[in-house]
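Just so you know, the protein sequences line up as chains S and A, in that order. In terms of the UniProt record's numbering, the first sequence opens at residue 1 and continues consecutively. In terms of the UniProt record's numbering, the second sequence opens at residue 1 and continues consecutively.
Bear in mind the hints are in silico, worked out from the structure with no lab data behind them. It cannot be assumed that every hint is accurate.
Which copy? The list can't say, so a pair holds if one copy fits it or any two copies do.
Unchecked claim - Capping the alpha-carbon separation at 25 Å, the derived lysine to any residue pairs in SDA-like fashion look like this: (1) K150 / F106; (2) K251 / G212; (3) K76 / Q237; (4) K124 / I244; (5) K306 / Q63; (6) K148 / D410; (7) K150 / A387; (8) K124 / Q63; (9) K76 / P107; (10) K124 / S41; (11) K148 / V83; (12) K76 / F106.
Residue-level listing of the chains:
2 protein chains.
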Amino acid sequence: MQKIRSGTIAALLLGSIASPLRVAAAPPVAAAIREAALQDSIAWDFTEGLTTEVGPRPAGTPQEARARDWAVAKLKSLGFSNVHADPYSMPVWVRGHDEARIVSPFPQHLALAALGNSASTPAKGIEGEVVYFPTLADLQAAPDGSLKGKIAFVSHAMTATQDGSSYSHFGATRRQGPSVASRKGAAAILIRSIGTDQHRLPHSGVQMWADGVKPIPAAALSTVDADQLTRIVSRGQPVRIHLILTSRMLKDQPSGNVIAELPGADPAAGIVLAACHLDSWDQGTGAIDDASGCGIITAAALHAAKAGSLRRTIRILMAGAEEVGGDGGRAYFATHGSERHVVAMESDFGADRVWRVDFKLPASYAAVSNRISNALAPLGIAPSRTAAGGGSDIEPLVKAGVPVLDLQQDGTRYFDIHHTADDTLDKVDRAQLQQNVAAWAVTLHEFATTTESLANK
Amino acid sequence: MQKIRSGTIAALLLGSIASPLRVAAAPPVAAAIREAALQDSIAWDFTEGLTTEVGPRPAGTPQEARARDWAVAKLKSLGFSNVHADPYSMPVWVRGHDEARIVSPFPQHLALAALGNSASTPAKGIEGEVVYFPTLADLQAAPDGSLKGKIAFVSHAMTATQDGSSYSHFGATRRQGPSVASRKGAAAILIRSIGTDQHRLPHSGVQMWADGVKPIPAAALSTVDADQLTRIVSRGQPVRIHLILTSRMLKDQPSGNVIAELPGADPAAGIVLAACHLDSWDQGTGAIDDASGCGIITAAALHAAKAGSLRRTIRILMAGAEEVGGDGGRAYFATHGSERHVVAMESDFGADRVWRVDFKLPASYAAVSNRISNALAPLGIAPSRTAAGGGSDIEPLVKAGVPVLDLQQDGTRYFDIHHTADDTLDKVDRAQLQQNVAAWAVTLHEFATTTESLANK
């Protein structure tokens, strides 16, 4: 997932939500939807099926194509309409062999994973001396050219937060570190995984080379291995590492967004968009990132439609490429950006419970958002004063002014497994998954059925 | 670690321990030893040093040789006497490349690790159809020859226990499963890791081929991957796996036991033996198995000696080879078995707190064991009615009748990380490590200083 926050607060609207005296009563149908959704099995079956029958599915690869076919068949079997894939093409970075070995002073292997778009070492690898930086700022402060031939190592440790906000700060080491190290002349860069666990499973993730920067081999050590390397460096002897990070870049590979709809009675009333992404990193089976998100929105849409006829169409977008730069979201916008979306929502932060709802809605949505808050409250979800931002799959829509609502999930343990081999089905808590379905179902139902005009102003 | 239990109960002695009215008061010195040992830093420094400066150290390899040199230097610097290595040689199984890929119906990789003494596949690997067995008993019930050319898969799941007793039952799948599968004609065997975690880090471990059985490739899937394969098998389609498990066997490789002593005033009074093992599995740095055990006994011996002059010699045995069949313990017995050991103890079950003390001591030890029970009680340790059994490093001594006492550690989380890449320093809880040192220190002190005669009858 990549969280996007607008950083502004829709103060007028939030004022009306935060005051309990002024809220409108939630319609009784919400209770029935919640009750049914809390017993849901569709989201689990979707998550179990995609992770078991497809497994890892990096964007633009044959595995993602299998995921697309799987999702199209699944959505058709569940009764969705207009189920199809919108194709596009994209460049694909493919991992080869990742290996790191301390040559001296204390020979041993380190567990690591190349970062997306890493340059490849020769098959035999490279060897260099480690230069240690406690934080990204320390790396940035290194004199230009001072790292010539060296392996930069940034060990900045991330701590867990419920709202995932620490990812933005600590993730900069992954996003910017490689370009900074290359500018300083480094032969390669190793970072401490952007993760909050203590297991020897490195966290992958994408990074983009800044303009004009020469790509270098770039990888994340597991948090445990980074701490080990830090201890070894602290002994004061020069530390030499042999590094093998092979990979290759492929041009114009096929990817595609899966679309499915539950049609509304009034096509002119606009589309309610629920998004997730089908692709995953290559090491795990992408259970929490983001099979569960796709399961949640699929199940929720069905529960919303079951509760009564829809005025607006609920559209599911399962983006084919999110992890490696948001190609799916951009492709969706290119094809569908001109259609009328009354709201866009995205589920891409695991499967743990929704604890907060954020809004970025026009003033004309005040009544509907009040009813949503009331319908969510029995699930333990409180409205916030933080503006919604959506995620990468709907980012172009949000930037273009489409209203957005975020059902914020508890991210306390999300970065324990995010982008690792450990992102597997067993990490999904079924009861919390069902709470997500209930939260999404009442929200989608409200947007899709309200007879009020939802003017995007 | 390999736990050995005698299965008998030293009823007479235990009777005298279990009754609080008859116990002798612990000497006041015990309180001072406990207090000092609970502030200990030696055990942590030892564990940190060995895991950082040596890392993984499979028995009979150059890494174990480095560990031996490291330990000899460390023990000398800490003031031990007669510090040296007793050399011996042993066969060594060396892991090559481990890889498993489901070919059909749902292509994906599985995380696994070859078991000790596994046969090697060709470099290109082998391919076969999976035959699923829920338990070892189901595999045993398969008709002879029924697995010809197939890959047997036993998915028996282990559950955690505080005393580690479930390892004996579930570990049989690893110890016996490969030989059983080979007898049935299987081309290879995969087992669910003998572990209690949910991470994609397979649990290695040794297995010995039964007499006359042809070695086949044998490996443990991570618990997560075993559950994934079970789900895939449950879909009812034939499951084919491509398996690469390369390895090699080396004859007569050098290994050695590190010995160190804190001399007692009366050589005729016998030796108090405290054992651990220096070797580890190859994937992790062997922090809980068994660097921490070596740290505990080293620190405890020093605290015991600091509290007053010793009558009996406390001898440290750091076995060079435990994991792969107990070569170190046998070599120790061959060299030192005829010396008078008044007691043998071993620390090889992690670094979590001691919660119970087991005895298998002659009747003449009643007073000393009562004082030990009293000295342990303030640490939250209760005497049990289960007979002590020791571990592999002292097994030949125990079999020969040497009295034994077990300071049983809490094993609830031990099998989460046992024999995996995750056996690293961060898993050691410093406060619990110090409680171990305190328990060991008062126990060693009592055995080494008591003026009573400890007759081995």
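Okay, the hints, checked on the actual structure:
| no. | hint | in the structure |
| --- | --- | --- |
| 1 | K150 / F106 | within (18 Å within a copy, 42 Å between copies) |
| 2 | K251 / G212 | within (20 Å within a copy, 55 Å between copies) |
| 3 | K76 / Q237 | between (62 Å within a copy, 23 Å between copies) |
| 4 | K124 / I244 | both (7 Å within a copy, 21 Å between copies) |
| 5 | K306 / Q63 | neither (33 Å within a copy, 64 Å between copies) |
| 6 | K148 / D410 | neither (43 Å within a copy, 50 Å between copies) |
| 7 | K150 / A387 | neither (43 Å within a copy, 58 Å between copies) |
| 8 | K124 / Q63 | between (28 Å within a copy, 23 Å between copies) |
| 9 | K76 / P107 | between (55 Å within a copy, 23 Å between copies) |
| 10 | K124 / S41 | neither (49 Å within a copy, 42 Å between copies) |
| 11 | K148 / V83 | neither (53 Å within a copy, 45 Å between copies) |
| 12 | K76 / F106 | between (57 Å within a copy, 21 Å between copies) |
This entry does not satisfy hints 5, 6, 7, 10 and 11, going by the numbered hints stated previously.
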